[in-house]
Amino acid sequence: MLINDIRLQFYDKIIHKRVLLLVSHDVDALCACKILQALFHCDHIQYTIVAVAGKQDLERAFLEHSEQLEFVVMINCGGNIDLIELLQPEENVVFYICDSHRPIHLNNVFNDSQVKMLVNSGDEFNLPAYEDVIRNEESDEDDSGNESDEPSGKRRRFDEATLERKMEKRRKRREWEQNKERIMYDYDEFSFYGTAASLVMYDLAWKLSKDTNDLLWWAITGLTSQLIAKRIDREKYVSDVTELNRHVSRHNHRGNEDECPLSVNSMKISFVPELQLTLYKHWSLFESLRHSAYTACTLKLWTLKGQKKLNEFLADMGLPLAQSKQKFSAMDVEFKDNVKDWLETSAKKFGLDNISVPSFQVQFGFKHKYCALDVAFAVDALLESVNTSKSAEERFMEALDCLSRTYIDKLEDGLDLCKQQMMGVVNQVQSLLDMKKVVSAGPFLYAFVPDGTPGSKFFSRPNCLMTLGRFTLEAYVKLYNRRKARNLPLVVTAPLDFENGTSLVVGIPPLPELEQASRNFFGKAFEQAAEKTGSRTLHDNFEPSVVIMRTEDRSKFFDALISLLQ
Amino acid sequence: MYGDKALELILELKRAAEGSLPPYNEDGIRQVLEETSVLYDQNQADVLRESSMTGAESLLSAVQFRHTCLERNQRCLLAYLHNRLEIIKEMRWEFGSVLPPDIKNNMSEQESQWFNKYSKSLASYMRSLGEEGLDLTQDRKPPKNLFIQVRCLRDFGEFETEDGSMVVLKKNSQHFLLRSQCEPLIRQGILEHILS
Amino acid sequence: MPKYPYTRYHDETQNYYNIDDIIASQEKVPCTCEVTLHRLGFLNPSNEGDDIIPGTKLDLPLWLAGGLGLHGRRRNIVSVDLPKVYKSNMREILSADANVVDMRKTSPHFYAFGTKLLNFQHEESADVSKMLLEVHTKDFKMEPTAIVLGADCSA
Amino acid sequence: MAALDESYDEEHEGSEDEVEMTAAEALSKLEEAWLNEKFAPDLLETKADLVDCMLEQIQQMEDNLKRCKKGDMRILIHKMEIDRIRFVISSYLRLRLEKIEKFHEEILHRESGRKEEDPLLLSEQELSFAKEYSQSVKEHAKVLVLNHLPQNFQKLDREKTAPKPDLDQHVFLKANRNQDQVLIEPELEDDPSAEVVDLVKDSQYIMRFRPLVPLVTDGAVSLI
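Those sequence lines, one after another, are chains A, B, C and D.
First residue of the first sequence? That's 1 in the numbering used here, and the numbers climb one at a time after it.
First residue of the second sequence? That's 1 in the numbering used here, and the numbers climb one at a time after it.
First residue of the third sequence? That's 1 in the numbering used here, and the numbers climb one at a time after it.
First residue of the fourth sequence? That's 1 in the numbering used here, and the numbers climb one at a time after it.
Hints are computed from structural coordinates only; laboratory data are not their basis.
Glycine included, each C-beta is placed from N, C-alpha and C at the ideal position.
A portion of the hints provided could be inaccurate.
What the hints assert, rightly or not - Covered stretches of chain C, as calculated for chain B (at least 3 residues, CB under 8 Å):
(1) 22-30
(2) 60-66
To be verified - Here are a few chain D residues that face chain B, going by a calculated C-beta distance under 8 Å:
(3) Q59
(4) M61
(5) L65
(6) M73
(7) R74
(8) Y133
(9) V137
Please build the complete structure, drawing on both the sequences and the hints.
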């Protein structure tokens, strides 16, 4: 059931108990986990954290750790699947699920005893009415009831009334079934995202008056990661930012500096409009412009004309080319300070209207100054780094560590990894476009990352493949500007595991949809296509539009998909 | 030159990495002992001959020379044994009464006997403190907080906590447990303490 | 055997089993032979004949020199000179600027070795001990090596 | 917070206080003994009675805690206090053990020469441990080396070989009360001007340990 008082119905229930914490592999989940950990440390609540990458992980982790366990908290996992059916838990086990995946599985919504959904009261779930979807038992009994009260020995008298009533009853039942069918179809058709888990957890911390600047920064990072992965639209992001800004000013209002000077290594968070250029503070402005989807695609940097336009843009800004190729921190001070304003003014002339986005910036100690976008990018890169032999759980733990200030230097590796990843993405987009690999199959576009290309190992990771997908779609649509292609979604596949010939398949909603709430219907579509063709697919990821498939079945799977979406 | 073999034993210990025990140099010790008996016999012979000759104090110098070499060898041998016992003792405090195999087979038979004797007398001493005894190998650092965050480096299976609940220590899982319970596991390298 | 007035240094008793002390006492020290060393020719590589005649100079490890020099009953069998690094000219350089001399190269156990030398009665011992203290304090300030100076030789 | 568990309080109100008060005092004495032992180069007199009293105190606190309700806040605070007291005790005993093992021959020699009325140097358990330890080390050396050495090298001269604590080491100390006429041995035998120093209460000094031994034992000064 949906919880409305997160403190009474969740935190006070687990205050003296031991908790199993199952956390999914994404930045928002990591941030929510850090906030919850901080609360548990205050109240000496013992817990166990296990990273879960998909449904199989979830099942295995639950079975292994559930001995003598009553309380399981799940972050960004388990909300959109039928949990009770998957895990078959004991009677006394209670699941507290804080999951931003939508729609929430109806069995989870209507299960009062064992599944409690921790949600932001502001979200709208457009839940169907209870009676429409759940057949309540006593109306069934009526039918069977009247059959049983007549002694079977005596021959039943046929009279019109009972026959009439029975017919009426059956018709109403069928009508109800059809109605349920339609409601369920509408409810499940699109998968999308609600409020970030880290915001829900921060809200809990605030209600327990245990919120600190550290927790606030984790909430900001979680929210920013949703923006980067295009999981929420700009409007939702801005409203969440204003909400968080109230807390930021509460925690970070400063009297004038000399009256009560703050020690240098205490954490200061400030609200700041930030350029949506990937890691530009840790890169050169030139490279950052080339590796940010919004600028690269709008200026069409894939073409020679585009590159010339980039130089024009820089000139218009008044930034010498040499300076723009300098490492940002090494640029002359006078450029570095006002490049942001110059860029914003001349961006309008080049069709880059919403280049900047409201964001936050943290500073502690002398050398640590990060903006939320950088941190979110870095942590995501650490989670999905490919050039180490570390297992998924080890990467998870490392990413979890780098969020706390004591291990902040791990963030630097994350920044480098992110740069490599972004370079891999841009090169891949460039080659897809040059070799006309983005093909329209009628109802959708598709592109296959060929096997063996140097950067292809990046795309064996779901988030990175989705980034590539969004980047490619935006580049393709803005490059060719065909009216028809503008509203087409894109399906991208990349080689996952060479030995057993599997590849990763990702569905990206059409561009206009991407700007808004990025509703994605591929989850359902993939399921039906796989069923129809019996192709060996694994729908393990909590994001329904990410599927693992045997590469041989790809062609028949795509045919089914085409006929399905006609 | 006399005493070089003995010094070699000492240098062997000096070169050994911190906290590791090099193999017991059985024949190194035997050679030094042989050298001492040779020196001793020569001294005996000289002393006999010197008493019969008069005024040959130069002989005395040779006797003094060999005597100094004998003392040097004695000191090196005993220091070799003594320092190995120190390392072995440190192991008892570090690993408890069961030693890891790579250390065990570097020890001579007498050394492992000594280890068992030491381990037993230490255990009985600790048991004699207060009613239920006090494990001195615990609480090596001043406790700062009651519960600590630990990460599991190797699968360890089930672990019963003080209040009777079971924790499954699986590789890469992270837990928040009582410090006093984690300490032995941290020292054995199963858990790693994480600073929050 | 009178303790040298300038030091209360306990010779090896305090660290009989100490490895570094054993190694330090292996350092060679220049000696001159006071008495013919009967049948010990092998000690001096360039020696002809079995015995070593008095007056020959040879380098002996400190533990041997100690054995022959300090514990001789009537007259010392060998007398010990100061190694070059503790000689007067070197002392001026060191007291002028301690870190000019690369300690590692000249004598790895400069202090431990120096204090041991003080056990031998030598007319320059007083200056040596003063120099050791000066260099040590400078050295200590410059690079806080944790060498505990056994002898608290107050000048 | 959870309502106070009344039964727990009345029952212990009376007895709790006396034990509490002496316990606090015992704890501060133990901490002083711990610091003295930590900084003194030589083994100091045993505080076995203090240790036993504190061990018993912890035992009693642990029993009280078992009866507390599970969620009670005080459990955590008391548990923390128990951990810290246990740390001080074990650290104190570990320090003594280290010294016993390092100077076992010297200590056993001094113990054998101790007269009846002199204060105890080792607790009874420490003494038996020291004997066992010393015997095992000597036995080990005999079996492996000494028995194979020529005749007059088989016996070790304790005076020359046994490690002895360096009493001339300098220590930091704080005077607990005014202490006049503290005889500082002349630095050197033939230095006529034997120095005498007056210690002022609560001021701190750096001095050689040797002249301070009696002052530390009767608590006139404490090492810091």
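Going down the list of hints, with the structure as the test:
1. 22-30: holds (count 3)
2. 60-66: Coverage by chain B holds here, the residue count being 4 at a Cβ distance below 8 Å.
3. Q59: Holds, about 6 Å.
4. M61: At 13 Å from the nearest chain B Cβ, M61 of chain D fails the 8 Å test, so the hint is violated.
5. L65: violated (11 Å)
6. M73: Violated. Min distance 12 Å.
7. R74: violated (13 Å)
8. Y133: holds (6 Å)
9. V137: holds (7 Å)
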